[in-house]
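Novice: Chains as they are written, first to last, in numbering that gives the first Met the number 0: chain A, 0 to 512; chain B, 0 to 323.
Please keep in mind that the hints were generated in silico from the structure rather than gathered at the bench. Keep in mind that the hints are not guaranteed to be accurate.
[What the hints assert, rightly or not] Quick list of in silico lysine-lysine cross-link-like pairs, DSSO-like style, CA-CA up to 30 Å:
#1 B/Lys230 <-> B/Lys290
#2 B/Lys164 <-> B/Lys148
#3 B/Lys52 <-> A/Lys288
#4 A/Lys288 <-> B/Lys148
#5 B/Lys248 <-> B/Lys148
#6 B/Lys242 <-> B/Lys164
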Amino acid sequence: MKPAAPLLVLLPALVLVPVLLLLPGLLHGGGWDLIGRFLLAALQPSLDPVVLQSLLQGLAITAGMALLGWACSLLIGVVLGLASSRLLWRTLIGHALPAELIRRLLAIPRSIHELIWGLLLLQVVGLQPAIAVVAIAIPYGALVARVVSDLLDALPERNLDALLSAGSPAPAALLTALGPPLMPGLISYGGYRLECALRSATLLGVFGLGGLGNELLLTLQSLEFNELWSGLWLLLAVMLALEALIGGLRRRWGMPSRFGLTRTGVGRRGREIVLALVLLIPLVAGVGKALAIDPAALLQWQPLPPVAPDGWAEALALPWLQLAFNTVLLTLLAAALAVGVAPLLLLLVAPWPWGQRLLQLVWAIGRLWPPPLTALLLLFVLKPGVITAALALGFHNLGILGRLLLEGAQAAGSERQQALQGAGAGPRLALLYGRFSGLARSYLAYGAYRADVILRETVVVGLVAGTGLGSQLNESLSSFAFDQLALLLAVYALLTLLGEDLSDRARHRLLQQ
Amino acid sequence: MFKLDQIGILRGRERSAAVLAGLSLALAPAALPPSLSPALAPLPAAQAQQTNKPVLRISAIPDQQPEKLNRLYGLVANELSKQLGVPVKYVPVTNYAAAVSAFRTGNLDLVWFGGLTGVQARLQKPGAKVIAQRDIDASFHSVFIANTKSGLRPVSSVQGLSQLKGKRFTFGSESSTSGRLMPQYFLGQAGVKPNQFSGGAPGFSGSHDATIALVQSGAYQAGAVNEQVWKANLRSGKADPSKVTVIWKTPGYPDYHWIAQPNLDKRFGKGFTNRIQTAILSWRTSNPEQKQILTLFGAQQFTGAQASDYNRIEQVGRQIGKIR
């Protein structure tokens with residue numbers, strides 16, 4: 000028996016049952032007082048000019064790192080995306096073997112979170128501003144490459160065949176036939192990656208790779224909540240402005256929305272797009288100069304400290320099964336929370352016009368707030384463990400999924416919902432049957448993809464003890480146990496590759512039916 | 000690369016898009032170099048390598064609130080610069096392990112390390128020199144503190160720490176000597192393993208100030224901190240004795256010390272490492288600027304130190320798995 004489409008959306012929310020049952024046992028309540036002070040401080044952010052100046056400086060560095068990392072990742076992604084397109088190789092040399100090979104290879108950089116790349120680079124090339132940029136560019140580039148090659152290979156080949164059979168050389172035929180239809184999807188996805196890059200840059204800062212993130216962490220650790228909120232509000236303003244800008248451009252240029260039913264087209268206002276891209280070049284160059292990025296310094300590798308003689312045996316003796324199990328459990332909990340709670344909350348607030356606005360604000364904060372900070376706050380009142388970490392990770396991803404669901408629901412049109420409401424259905428039922436049921440499968444498919452992202456992200460809440468590989472990574476890093484780190488990376492990569500495969504299958508099944 | 004006239008067969012919108020595709024491909028290599036243009040600036044660590052006159056980059060493990068570190072090491076940089084006649088720059092780092100890594104990769108010249116991080120740094124950078132410690136560092140202490148509502152009582156021997164089993168407990172940084180290593184060692188003597196705390200693991204607050212604030216607020220029932228930072232918090236009124244009290248003070252062990260890169264004589268001139276040592280050892284409370292520095296360090300003066308002073312820390316570090 001299969002659940003009906005409207006109920007399908009709510010299925011992951013069932014995870015709330017065990018979580019809510021276990022939560023009272025986790026509460027220690029020692030720090031309610033602190034949570035209260037934290038919430039109150041939201042209304043009284045510090046306006047001290049010294050604080051603001053240092054926050055703004057941090058924000059500028061974070062934004063700069065995000066922009067550079069993003070720009071590099073697009074370049075890398077487009078080049079590698081073309082190189083891993085089956086269609087391209089088939090047209091050029093007759094078979095697609097190189098594409099398959101490059102595709103497989105790219106799965107490895109993609110499977111490792113930017114934070115780990117950053118920490119590794121720090122060990123190899125030392126403290127320098129380029130680290131965060133490269134850390135973002137590596138996994139993002141591999142991700143963009145995958146999207147580009149998927150987009151390319153999914154394009155209809157009629158135009159290409161026509162040009163080829165008319166005798167035009169293969170490279171020119173490829174560019175002419177595939178370039179224009181590729182752009183809308185690429186630009187739309189590229190814009191979304193910039194939003195992600197801002198979040199990643201903030202997160203890298205939390206771990207000491209420069210920018211605002213570190214100030215957020217330090218103000219939270221020293222319980223200076225008023226200063227913390229000054230930074231958060233600033234970051235929120237920048238993030239919402241960026242999202243509005245990207246969303247605006249996407250609509251203006253007629254690009255498909257990120258989530259929702261794909262609508263292919265060529266897009267409008269080509270000149271504007273070209274102009275925008277051309278303007279990006281001096282901007283990126285200027286930011287690179289301001290941040291003093293030095294590519295040459297990246298090539299000066301330092302030897303890693305020596306590994307202890309019995310280190311490998313010790314590293315192998317770590318409780319790997321337990322670590323992997325906790326990581327997977329954390330992923331599933333966080334993913335189910337994020338995917339399930341977003342539609343549930345929208346349904347709950349459906350009768351009230353202000354409810355949706357409030358949700359949007361909370362989600363924006365969830366998106367912007369690096370999960371380790373949420374985890375630290377939760378530890379004021381909850382015991383450490385997988386659930387506490389899952390709540391932190393779930394909240395962050397809820398912010399991302401909730402926004403996409405809302406955008407998708409708005410794009411889906413209100414006719415059916417209005418019809419249902421006109422027929423006397425309540426606002427919640429009308430929303431559930433009128434809008435969500437049509438979106439259910441594509442939303443869950445996106446959720447499956449997100450679960451895969453969350454698996455990678457589990458490393459960032461490692462500071463909550465007992466969360467599996469992430470916690471062990473923190474400990475191994477502070478012991479400089481590079482043997483353990485190497486094994487940890489291998490296990491992480493293996494898990495994410497498996498996860499990617501599973502989530503791909505789940506997605507295909509959901510979208511086929 | 001394709002010539003633009005090949006695209007001329009296209010019309011209007013398609014043409015723009017194709018131009019765009021072509022442009023983005025054509026510009027791909029051109030756009031990369033400027034974004035990674037060779038210029039160094041924001042991280043002073045990196046900047047120093049570029050300028051002609053070498054800059055002495057000093058740093059410290061971030062064991063307290065950054066405002067205080069900025070004030071203290073700003074003063075230290077001024078004083079050292081005056082005495083040594085070279086520009087001195089304070090480079091803040093964000094966590095203990097980052098300080099060790101940055102020392103190993105040569106981004107920092109002279110660092111105020113803790114006992115454990117100092118040993119880690121010297122093992123990773125053979126030839127690094129122990130310069131000096133404070134008068135209080137030869138026999139340094141940690142204190143175990145508890146929230147007054149926790150029901151935890153002061154104890155007179157290490158065995159009394161067994162009452163911490165099942166409590167919410169936080170260390171400072173993972174790599175802190177006084178906030179983790181030695182407290183964990185003494186907890187072990189009392190038979191308390193890290194997984195016996197409430198929640199199955201201790202917290203890691205990040206710094207001593209953070210530990211005090213978290214225990215005082217009740218988020219954790221107990222914690223372990225550096226005695227000198229604890230006293231400073233009591234004096235400044237940040238720690239409220241009606242909410243948080245000491246339950247046990249550890250026996251003494253060697254802790255913080257200055258460590259210098261092995262190559263300073265080569266970069267700054269013969270005998271430079273010795274000059275640093277002489278300068279630091281010369282600081283006295285009779286000089287107003289030096290007095291300010293010593294007060295912030297919580298010491299009367301600095302004294303000489305040797306690598307062998309930290310053998311015991313290395314031993315405990317190996318025992319607990321923080322040194323391998």
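Novice: Hints numbered earlier in the text: which of these fail when held up against the supplied structure?
Specialist: 4
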